[in-house]
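Colleague: So the chains spell out like this:
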Amino acid sequence: MKKNILIIISVILFISCEKEIDINLNKSNPRFVIEGNISNMAGECYVKITKTINFDEVIPNPSVSGAFVTITNNTTNQTDTINETISGLYINNSLTGIEGHKYTMNIKVNGETFIASSIMPKMVNLDSIQQMESSSGGGHGGPMGGGISSNSIIRITPKYTDPENYANYFQFVVTRNDTLQNDVFIQSDFGFNGLVSDRPLRVKANKKDMVKVDMQCIDEAVYNYFFGLSENINQSSATPANPVSNISNNALGYFKAHTTSTKTIIIK
Amino acid sequence: MRNTIFILLLFFNYSLFAQSFNISGYISDKKSGETLIGATVVNKANKQIGVSANTYGYYSLNLPKGNYELLFTYIGYQDQSIIVNLTESKKLNVIMSENSLQLNEVVISASRENNRITQSQMGVEKLNVITISKLPVLFGEKDVLKTLQLLPGVKAAGEGQSGFTVRGGSIDQNLILLDDAPVYNASHLLGFFSTFNSDAIKDVTLYKGTAPAQFGGRISSVVDIKMNDGNNQTYGANGSIGLISSKLNIEGPIQKGKSSFLISGRRTYADLFLKLSDQFKDNQLYFYDLNTKFNYRFSDKDQIFVSGYFGRDVLGLNNRFAIDWGNSTATIRYNHLFNDKLFSNTSLIYSNYDYNINLTNNANPFSILSRVRDWNAKQEFQYFANNNNEWKIGFNVIYHTVIPGKITDTSSTENLSDIRDGLESALYISNERQVLKNLKINYGLRLSNFIVLGGSNYYELDKLNNIIDTINQTSAVKNYINYEPRFALNYIIDNSNSLKLSYSRNTQNLHLINNSVTTSPTDKWVMNTNIIKPEIGDQISLGYFRNLKENMYEFSVETYYKWMQNQIDYKDAADERNRVIETQLLYGNGRAYGFEFLLKKNKGKFTGWISYTLSRTEKQIDGINKNEWYVARQDRTHDISIVAMYDISKRMNVSAIWVYQTGNAVTFPSGKYEIAGQTTWLYTERNGYRMPDYHRLDLGLTYKLKEKKHFNSELSVGLYNAYGRENAYLISFEQSESNPNKTVAVQTSLFRWVPSISWNFKF
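Chains A and B are the protein sequences, given in the same order.
Just so we're aligned, residue 1 is where the first sequence starts under the working numbering, counting upward by one.
Just so we're aligned, residue 1 is where the second sequence starts under the working numbering, counting upward by one.
Chain A extracted, bound-state conformation (with noise of 0.2 angstroms):
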C-alpha cells in the first residue's frame, strides 16, 4: 500500500527514477536453515535443511545432509524418525498428525541440536474458492493494467467462518498448474473474529490455469515467523530483521504443525 501511494505521489510530482548500485556488503557466516512440516494429511511431512550464503553469491543455497531428524507427538508420546531421501531433504511420507496435538521436532547435525515445537491447531474447513470478477486494476486502465491477460494478478476469495474463540491463524498455499506459488498469503481474525471471511489473495495467473489453494491453521508463532518472512522480502519495514523462528539455537526457518483443507478452481 505504501509503495503504491508513494509512487502515485511521485508521479503527481514528477520525479523518481530507479537504478541499481554497487554496495559491499559484508560477509557473514553460515548459519542453518530449516523448514519442518506435519499436517493432518499423509504425505505433507518432511524437513529441509540449508546453509545461508553471502549475498554476492549464487541462490540455491547449500543443502545440509547427514542429520538425525525426529518429530514427537507431545500428546502421546510417540517419536519417529524421518529419514534423509535426497541431499538435506528429510521425509516420512507415513507420518500424520493429530488436530489439537503438540509436536516437537529434534535435529542433530555436525554437533548441534536444534528443537522446535509447533501446537496442530483444532481444523477449520475451506468452504469455497471463487474468483473476483475484476483483475487487480479494478476494470480497465488501473495502475497495474487491465484484463486479464498474461500474468495478471486475479484476486481469489478463499471462504471461510472464523471459529468463535479469539486469536485464530491461517496460512494459504497456492498451487497453479502443479507449480507451488512462492508468495506468503496469511491471515489472522484480528478485525474479524467470528465472520465469515471473504478478503481476497492477489493471486498471479492466467486464463484457463488450474489454481489449487491449500488453507492451512497455524499456530501464533508459525503465523509470526511468516508475517516477519514477508516484511523481510517486501523489505517493508525501516528496520528489517530476520523473521523470528520457533527453533532453538539461532537456527533461521520455522517448525510447522498445521491442518489442510483444499479447495481447486480452473481461472475463467
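Derived from the structure by calculation, the hints contain no laboratory data.
Honestly, I wouldn't trust all of these hints.
Restricting the straight-line Cα-Cα distance to at most 30 angstroms, the calculated cross-link-like pairs of lysine-lysine (DSS-like) are [as the list claims (entries may be wrong)]:
1. A:K19 x B:K742
2. B:K626 x A:K51
3. B:K650 x B:K601
4. B:K90 x B:K533
All values reported here derive from a predicted model rather than from experimental measurement.
Fit chain B to the given chain A structure using the hints.
Modeller: Relative to chain A, chain B alone:
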C-alpha cells in the same frame, strides 16, 4: 500547592516594599496593530536597565521616581524614544513603525540585536517570516518547518520531509504548538508539506536545549508557533498562486484598534493533473487548510483571542480505497492584567487528529477510524517582580483520548484495539533573574503527572511479551509522577560575549510508534499504560556566544549530551496491526551528543548563515541488536547547511541553499538464503550500514513587480536540487533481471531539478 501559594504571596509582599513605580503596556505595529513579541524597552541613559515584551506584546518596566528617556527597539523597526516623568505607575502603549529607510535590508534574527548574548536560554532559535519567504523550497511552498531544518542540531527526517529530528530525538519527541494547541501530525501529503501556512504565522521559536518550565510533554524540543492576530487598523488581503497550491489571507479590524479577524486558507490542486492522465484519472490527492483568528480587547486589562486551525488531506485510489486525515485545533485565550506587574493568561484548548480509511469495493464495504483527541486547560501567571526578576507560575490539565482503530461495516462496529483515556497534568514554577551584574539565571521546576484511566482493557505480559492477564477496572490503572528540574545560566562576559550552561529534564507521556521510512498518516500514537512508561530525557549543554562588528555577525558554538530512558521501539519483525500493541514493543535507553556551530550574517545586502553539526545518536534496547548499543536511524555524523541571500537591487533578490548530510543509518542484509521458495535476506545487525551521503543545492529568485496604489506583487522562482544529484531515498534488494539467482541493489531517488514559480500579491 500550599508552598506555591506561599511563594506567590511572598513576592506580592516583596513588591510592596519596593520604592519604585511601574511603566507598562503593549507594544504594537503601526500599520497592522499586531503586537510585537520580544520588542525591548531600555532606559537610554543606562541601557543595562531594560525588559522585553512577552508573547502577547506586554511589557512591564520598574524604575525609581524620576525623569527618563525610554528607548523602544525592535528589529526591522525604527527606534522610538519617549520621555516620561515618573511620579506614579503608568500605562504606556507604544506603536512602532517599520524601518522604511532600510526597507531593502533583510534582518534575519528577531527581536533585540544582541538577544543571543543576553538571554539566559540557550539552544533557542527564532525565525521571522521574512527569512522564510526569501528562501527557495521544494515546489515553492514556503515552509517554517523546512527552514528550521537549516539550523544546527535540526535535521530533516527524509528527502523533502517537513518532519524533523532535534539533537538526536525522534520526530514525535518535538512538541509542536500552534497558538498553544499541540499539533499531532504536522505534515500534509505524507510529509512533503507542513501543516503551517506561512501567511498566517507571526513568530516561530524553537527550543532545542532547555525549554522553560511552562513547556512540557515532549523530551526533545519545543516549536512554539504563534499565529498573526489580524490587522486591527485596516482591511487587507494577500495571497499567492503557485504551481501546486494557492493561498489567500484576509484580515482586518472589526472595531478599529480594538478587535480584528484573520482568515487564511490554502488548497493544493496537484490532483487536477491526475485527471489529465488516463491511468490515474480515478485517483484523488489533495489537501487544504484553514487558519482563523479573532481577538477583542475589552479594556486595557482584558483581551480575548480565539484561534482555530482545520486541515485535511484526501487520498483516493480508483474509487476502491480512500483515506482522509487531518488536524483540527481550537484555542480560546483570555489575558487579564490584575495589576501592572501581574499578567495572567487562561487558555482552553481542543486538539484533534484523526484519519478515516474507507474500503468500498469489497463485498462488505467498511471504514476504519482512528483518533487522538485532547481537551486541555492552561493557566499561567507572569509576575514582573522587578526588571531583573520575573516569575511564571502555572498549571496545565489535559484529558487525552486515543482510539487506535474503530472498524465499522454495514452491520457492526468493532474496536481493533482498546480505546484508552489518560489525564496528564503539570504544575510549574520558573524564575528568571539577574543574580549578579554579569550573571543571569532561569530556573524552574515542572511537576508532571500522568494517570492511566481505567475503563478499558490493559494487559499483563510475561518476559516474552505474551499476554498472561487482562486488567479491566474502572479506577485508575497507573499513576506516574515525575519531577522535571530545569536551569539555564548565562555569564555575560561583555556586550558581545557570553557563556551559557543549562540542564533540563523532560518527560513524555504520548508516543508515536513508527516503523516506516516516511511519516505516514496511519502512524500510531499510544499513551502510557501499565507497561509503557513515560519517556524521560535529560540534557546538559554548554555554549559560547559572540557577536561581531556591532551585531552584524553572530557566532556560536554549543555542545550537548543527552540521555534518555524508557525509549520505545518495535521488536524485530513486529506486527504493527496486532490488537495489543504492547506485545510488539521493546523498551530501552538512548544517548545523543554533539557539537553545533553557527555563523550568521544579519545585516547588509548579503545575509545568511553557515551551520555545522557533528553528532552521534545511539540506542540500547534489550532484544534488539543482541542487546548492544546501536546507532539510531536519525544518526548523522556530519550535517552542513549554507544559506545565502543577496539583494541585487531594490526589486530583486537571489538566494541559495546548500546542504550536505551523512547518510542515515540503515539495516542492509549481509547474506541470503531460500525459504518457502523465496529469496530471504539474512541480517546480522541493526543499522549497521549507511545510506550514501546526501547533498543538494537549491536556488531562488524574487522579483518585485511594479507597485500600484494599494496593490503590489512579486514573482518568485525556484529550482530545487539544481545540479540534479540523485540522492538515495530508498535502497532495496532484488533479483537481477539477467540472472534470477543473483541479487542486486536498487536505489530510488525522488526529486531532481524541480522548478517552481509562484506569484504573491498584497492589497
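Colleague: The structure should be examined with respect to each hint, and the outcome stated for every one.
Modeller: Cross-check of the supplied hints:
no. : hint            : in the structure
1   : A:K19 x B:K742  : holds, 16 angstroms
2   : B:K626 x A:K51  : holds, 21 angstroms
3   : B:K650 x B:K601 : holds, 19 angstroms
4   : B:K90 x B:K533  : violated, 51 angstroms
Taken one by one, the earlier hints fail for this structure only at number 4.
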